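Protein chains in written order, with my numbering: chain A, 1 to 468; chain B, 1 to 468.
The hints are simulated quantities; they were obtained by calculation from the structure and are not laboratory data.
As the structure is a computational prediction, the values presented were derived from the model and not from experiment.
Beta carbons: idealized from backbone N, C-alpha and C, even for Gly.
Heads up, some of the hints might be wrong.
Stated by the list, open to error - A short, non-exhaustive set of chain A residues, derived as facing chain B with CB atoms under 10 Å:
#1 Asp104
#2 Phe134
#3 Ala167
#4 Ala222
#5 Arg426
#6 Phe463
There are 2 protein chains.
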Amino acid sequence: MQTTSISNILQKFIPENTKITVHGWIRTLRHSKAKISFLDLYDGSCLKTLQIVIGENLHNYKSEILHLTSGCSVTICGKIVKSIGNKQDIELVATNVTILGWIDQPNTYPITPKKHSLEYLRNVAHLRSRTHIFGAISRIRHILFQSMHNFMHKKGLLWIPTPIITAADTEGNSKMFYLSENFNNKNISNNISTNQVNGEQFFFGKKAFLTVSGQLNLETYACALSKVYTFGPTFRAEHSDTNRHLSEFWMLEVEIAFSKLNDIIELAKAFLTNMIQIVLEQCTPDITYCSNHSQCNLFKRLENFLNNKIAYIEYTDAINLLISCNKNFKNTVFWGGDLFSEHEKYLSEEYFKSPVIIMNYPKNIKAFYMRLNDDNKTVASMDILVPGIGEIIGGSQREERLNILKERLLENNLSNKYYWWYQDLRRYGTVPHSGFGLGFERLLIYITGITNIKDAIPFPRVFKNINF
Amino acid sequence: MQTTSISNILQKFIPENTKITVHGWIRTLRHSKAKISFLDLYDGSCLKTLQIVIGENLHNYKSEILHLTSGCSVTICGKIVKSIGNKQDIELVATNVTILGWIDQPNTYPITPKKHSLEYLRNVAHLRSRTHIFGAISRIRHILFQSMHNFMHKKGLLWIPTPIITAADTEGNSKMFYLSENFNNKNISNNISTNQVNGEQFFFGKKAFLTVSGQLNLETYACALSKVYTFGPTFRAEHSDTNRHLSEFWMLEVEIAFSKLNDIIELAKAFLTNMIQIVLEQCTPDITYCSNHSQCNLFKRLENFLNNKIAYIEYTDAINLLISCNKNFKNTVFWGGDLFSEHEKYLSEEYFKSPVIIMNYPKNIKAFYMRLNDDNKTVASMDILVPGIGEIIGGSQREERLNILKERLLENNLSNKYYWWYQDLRRYGTVPHSGFGLGFERLLIYITGITNIKDAIPFPRVFKNINF
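Only chain A is shown next, with the shape it has when bound in the complex:
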């Protein structure tokens, strides 16, 4: 007699009277007057529960069955039968019940069968995976993760583990976490207050930080193996606690040699399309659940993405459009300024009513490594915005010309001392190359309708909060 997951039991045709063993936790239960108990069992393999029927004979044998509560863990041996009720096709009639784990003081158990608010569940993040909504998010996250790697593999990209600890103190405006040895407090104060920043005191011989992007390291591999990507955690030390920011999040970064801006836009579009198609095909019950939970019609959202044409607009044209649209924006629109969320919202949700790709931003608001266009004012960059979320992907062609890269480093006050190796890629066999980055939790928010990014990652790390 084999152990079977509930997903397998419910998905596959199993002949009546097949003997089966399942393990799981009780979602809900009721005891009838006729000494028959009905348990709804979950094991995380799918959204649906399996109905277990425990008859009088077992009750007589094991009186503690009556003390079971929601959350208890059990092993059930039994036979599959057609269900009489219309809530499910099949059910498991128990021939043996083993109680594995009780709920200590059931009235204090934080997870009850009723719907809890997401705010409440954040305080019990170690138990929230037991709810329907976090089960659904976890399964969708897994399918996205798996499909992402399959997509990259099929397109011939190699996974490269870029470093998390870095000596680059910045490549833009992001605040970074600083790393030191786990000295006891006395040592920290002694070492640092003397202000001897001579390298000896540092574990790595110099200051070390947590990475904000693996791109520069990834480029070294793109300039040797052509098509590469990285997927790993990245970090921001911003003092912001909003529903859009995490201090630790996962990022996909793609880098393709011998490619230009348009090539990378096509790849990014194909990637998003593929992810959405697969989720719609493989995660229908979980998307349905998330749709109801978020009161956002996710099928409509995702099918709109697939069916609508994606709009393209130059940054300069976007600025003109925003200036002439007579909307009262909080933030002034001007050429050379960054686009704010309200501007992006207007473009994708009101004007185009579709995903939109904004291209060729001014060089002054973009990173030093983006390729300077012939106008000497803009760089070969792109952001993909989607309705309801805003920016989901950002990318650019990289500056492959050594002399211009050097100028851009100077303009940005970035030191040759660190970037010598990055310049070497342009010194030796340079090639045009381009890449994009995608915040994985952003994509998950778009697909699940979750509105707070803290619910898109199992254990969110944010300013002033590092529980669990």
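Given the structure of chain A, go ahead and fit chain B onto it with the hints provided.
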């Protein structure tokens, strides 16, 4: 005319005279007296290079072709023809050559076509991916990575991103990296030298560290979704610079609810077997190259793994065996002591001459979360050793009994203040569960024959070294 990767050109039957465009870098080149040039082109998609033939007509048109050197990047349009030479089946006769990037001062270019030592290449880690050996390692790493996720997906495990930043200051004996905000030096000294450790000074409100393992967080998801795994970077702040240690490395961790020690051993064996089979099938040229490079017969090593039975031995029996074998070990063998590398070597390489699984170690040398056996002296743990490497996988059944877990935390001086949530998993619907961990670079070393782990990760982070 489509761009094609060299791997596709060489693997697929392409009719003669097909027009093709390829991009790549020159590995080697020679110019014949008859004004014909032969370039060996690589693009990272496979080990082999594509021979490009440039005839007199093109030379007359583009005199700079004669100045090309190893490492230059080019785009070649041309026609596929059968090769006259016997070194390759086909070659590309160029109809157009576009030079994309030169080598600045070719005599200073750190990567020449001759074989460089791995030690030398570590100093040019930003360029070493351009060599045969690092290309081979990168492609094998990718196939391992991809196959690992496919294996987990097929077995029904969900990927869970466990946190990198953690408030757990230790769960064992590993030294950890301490995290702070990127204050400027003045602020660091001011803040820390006052010794006000009241939480206000910390970004997260309390001390934060880089994780040494995602297991405890992963268990929360196993106790809800049954089968889960995590794959991410982990960190050690040990002051050791050996060929077996990294400060930052990638770890696979698996956690399965309703499973016992033997179940997890079977899963770990199936995993290793599957990884080795796939690499042997899909990476033959790269394994061949690594085999020659390392002067270790990797096919023999890997086929031995597949063909030999894996030996099982209890820790207690292993100790008795090591005591009675009359070997002069440097480290004394006694019951209750850890096994050293020399002991593991003897067991797997001399005594069993096969992989060996050692089970049920004394509780005092293992982590608090391992399940106490009925003898009250040992825990339900296992290490898998392979010849040539030593330990490659470590795992255990986890302590699911709240009262015993509490005792073990006490014995290890671990605070309830942090571990309350971990105990909750045993308080509410506890289940037997087990898991294992595998150092990804360790597996890569085993499969590629590389002897220094610094060559198994693109940008190694080790004590006193954080270049690139």
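Okay, the hints, checked on the actual structure:
With a least beta-carbon distance of about 4 Å to chain B, the hint placing aspartate 104 of chain A at the interface is held under the 10 Å criterion. Taking 10 Å as the C-beta contact cut-off toward chain B, the hint placing phenylalanine 134 of chain A at the interface holds, the least distance being around 8 Å. Because the beta carbon of alanine 167 of chain A sits about 5 Å from the nearest beta carbon in chain B, less than 10 Å, this interface hint is met. Interface restraint check: alanine 222 of chain A against chain B, minimum CB-CB distance 9 Å, threshold 10 Å, status holds.
At about 8 Å, the closest approach between the beta carbon of arginine 426 of chain A and any beta carbon in chain B falls short of 10 Å, and the interface hint on this residue holds. Interface restraint check: phenylalanine 463 of chain A against chain B, minimum CB-CB distance 7 Å, threshold 10 Å, status holds.
When each numbered hint is compared with the structure, no violation occurs for any of them.
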